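Trainee: Go ahead and model the full structure; you've got the sequences and the hints to work with.
The lines below spell out each chain.
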Amino acid sequence: MLGLLAEFADAEQLRGAVLRARHEGYADIEAYSPYPVDGLTEAMGLRRAHVPFWMLLGAICGGGFTYWLEWYSTVVNYPINVGGRPPFSWPAFLPPALEMTLLWAVLAGALAMLIGNRLPRVHHPLFAVRAFDRATGDRLFLLLRVANSNLEARRAHAFLKTLSPLSISEVSE
Amino acid sequence: MSAALPDDALPPVIEPGQNSSTITTEISAVTLERPTGWLWIIGLLISLALSGLLFVGFCWLLYAGVGIWGLNIPVAWSFAIANYVWWIAIGMGGTFISAGMCLARQPWRSSINRFAEAMTVFAVSVSGIFPILHLGRPWFFYWLFPYPDVMNVWPQWRSSLEWDFWAILAYLIVSLAYWYVGMLPDLATLRDRSPTLAKARFYGLLALGWRGEARHWMRFEQFNLITAGVAVALVFSVHSMVALDFSEALVPGWHETIFPPFFIAGALFSGFAMVLVLGIPLRRFYGLQAFLNDRHIVNMAKMMLCAGLFVDYSYFSEIFTAFQSMDRYDFAMTLHRLYGAYAWAFWGTILLNVLNIQLLWIPRVRRSHAAVFLIAIGVLIGMWLERFMLIVSSLYEGFVPSAWGMFWPTFWDLAFLAGSVGLFFLMFLLFARLLPVLSMFELRKLAHQGGSGGVERGGEP
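Protein sequence lines, in the order shown, are assigned to chains F and W.
So in my numbering, spot 22 of the first sequence is number 128, and the numbers just go up one at a time.
So in my numbering, spot 50 of the second sequence is number 51, and the numbers just go up one at a time.
Because the hints were derived from the structure by calculation, they are not lab data.
Accuracy of the hints is not assured; some may be wrong.
Said to hold, decoys possible - No farther apart than 25 Å at their CA atoms in a straight line, the calculated lysine to aspartate or glutamate pairs in the DMTMM-like style are these:
id: 1; chain 1: F; residue 1: 267; chain 2: F; residue 2: 130
id: 2; chain 1: F; residue 1: 267; chain 2: F; residue 2: 116
id: 3; chain 1: F; residue 1: 267; chain 2: F; residue 2: 136
id: 4; chain 1: W; residue 1: 200; chain 2: F; residue 2: 130
id: 5; chain 1: W; residue 1: 200; chain 2: F; residue 2: 239
id: 6; chain 1: W; residue 1: 200; chain 2: W; residue 2: 34
Unchecked claim - Under 10 Å between C-beta atoms, here's a sample of chain F residues computed to sit facing chain W:
id: 7; residue: 117
id: 8; residue: 162
id: 9; residue: 163
id: 10; residue: 166
id: 11; residue: 170
id: 12; residue: 175
id: 13; residue: 179
id: 14; residue: 184
id: 15; residue: 209
id: 16; residue: 211
id: 17; residue: 227
id: 18; residue: 229
id: 19; residue: 244
id: 20; residue: 245
id: 21; residue: 269
In this text the structure is predicted, and so the values were computed from the model without any measurement.
Here a beta-carbon is modelled for each residue, glycine too, at the ideal position from N, C-alpha and C.
Mentor: Here it is as structure tokens:
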């Protein structure tokens, strides 16, 4: 068994449930919502992800590489004098470097978002749970990962009951 | 604008009583359950026919060369470049709505941004065809790219045409990434609501396994926010590059420092017009009245008017500067523009881009969807005429009378213009049928926060 899944209708209820679960000592929890819920990240106690850092790194690499390539092609690899223009015409070389700064930032961000979220992942045990179909519609879910023992599962079930969810389902591996 | 206008009586951003359930049901039903209407089929057939014409034109051009168009010396740029600038400009409006207004925290944009962003992707894709075909030997277009080749030839980095290549490339890929990543949660909704296994597989593959985990949302929001900032920088830089294609040339009427801001204003102007032209029928035919109402139309109409006034100021400034500069060539070019062989293009532009939009000052006109739709169509035609006028009226009478010559469009000029419109609508119609037309997760969030329009005037959403 992977864990127990509790269904809620309201974002405030889910946030309260997350806080209660953490207070009860359940560390391995996961919250699901059909829209970004304000304050849920903080309630979960998640560390800030590093997407902005990767985007900055992408921006620096993209701009830097393009600017370097312009220098390399006009100064080192094939210098050619056209009307006395300086080989390294740095102001005229800025526009391509600027566009590549922006492009690489976004590509790095998209990759960081997908890799950080372990996507694409076409199958997941949760998709086998009937109720979970509404996680992308109008319901919010709390998943408690519990150890593979009857005692633990029963305790978790009893705890979830106290949160008065709409339903509780078992998620199998 | 001013609080005294009766616009304060506008409905809230989304209909009161809408919640996650109703939003999900109504919007996903547009894609999943609604039968294909005959109007859609007729639209698709027309766009398919026009796209076919574009394809035939494309093949004929590869065989016979750009001579099938009416361009020649002295008018070496004409329809192709006008079409290119027109289409890429339309894209700018969509990015500005989805990115700029996201940064400005305008909650009403949640109803518009998805199809505005789709419009951007399609418009930029269409626009990219023209500069490539215009190269003359389109099959060598990859020479613009600095790849290590045995000829040891590098691109000319100092040329604004090369900058343009980088600008279009960056803009197309960034728009696609922003649009697609922003659509993942909604694709997941369609996956989970699919009535058949085939549909579930189709949307399941597209959704990449999105589950709406708190961690997913955190990274998703980080990406979306920063990309919005990058996209706004792209709007301004890309269209500046388009303008620099003109102002880097020593041609009277092109060689002007006002061009980049003037072009950006024109881009937003035509982009807002296209959003209205797409949004008003979309709302009507797909029954999206609960999410797209008078408030959105009125706000968009105001933004179109505002961008239009910037454009109108630029027209005035161009003419004023020409006379104030006392440069005889600028002088002559302006007189040709106003009274020459292409005066109809100039006065048509003035009629459609200056006079036409002044009607939007009247609150009753802004509230009439039919009127706003017609004005927006007028703006789109006017903006195309403006690009044509700027290109042709600067070229057809050069510095010496021996270099004067007229441009007349051929059948293929018109076919490529009509075909590009067909290709754009073909992609948009398929989008409206296959992908989520409105951003469901943003509307859910808005509904959760109360969905009121009261926060619109500068408050926190």
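Trainee: Hint by hint, note whether the structure agrees.
Mentor: Now for the hints, and whether the structure bears them out:
1. F/267 with F/130: holds (13 Å)
2. F/267 with F/116: The hint holds at about 16 Å.
3. F/267 with F/136: holds (17 Å)
4. W/200 with F/130: Violated, at about 41 Å.
5. W/200 with F/239: holds (14 Å)
6. W/200 with W/34: holds (11 Å)
7. 117: holds (6 Å)
8. 162: Result: holds, 9 Å to nearest chain W Cβ.
9. 163: Since chain W brings no Cβ nearer than about 12 Å to residue 163 of chain F, farther than 10 Å, the hint is violated.
10. 166: violated (14 Å)
11. 170: violated (15 Å)
12. 175: Holds, because the Cβ-Cβ distance from residue 175 of chain F to chain W comes to roughly 6 Å (cut-off 10 Å).
13. 179: holds (4 Å)
14. 184: holds (6 Å)
15. 209: Holds, because the Cβ-Cβ distance from residue 209 of chain F to chain W comes to roughly 4 Å (cut-off 10 Å).
16. 211: holds (6 Å)
17. 227: Since chain W brings a Cβ to about 4 Å from residue 227 of chain F, closer than 10 Å, the hint holds.
18. 229: holds (7 Å)
19. 244: Holds - the Cβ of residue 244 of chain F comes within 10 Å of chain W, reaching about 4 Å at its closest.
20. 245: Result: holds, 8 Å to nearest chain W Cβ.
21. 269: violated (17 Å)
Of the hints listed earlier, those the structure fails to meet are numbers 4, 9, 10, 11 and 21, in rising order.
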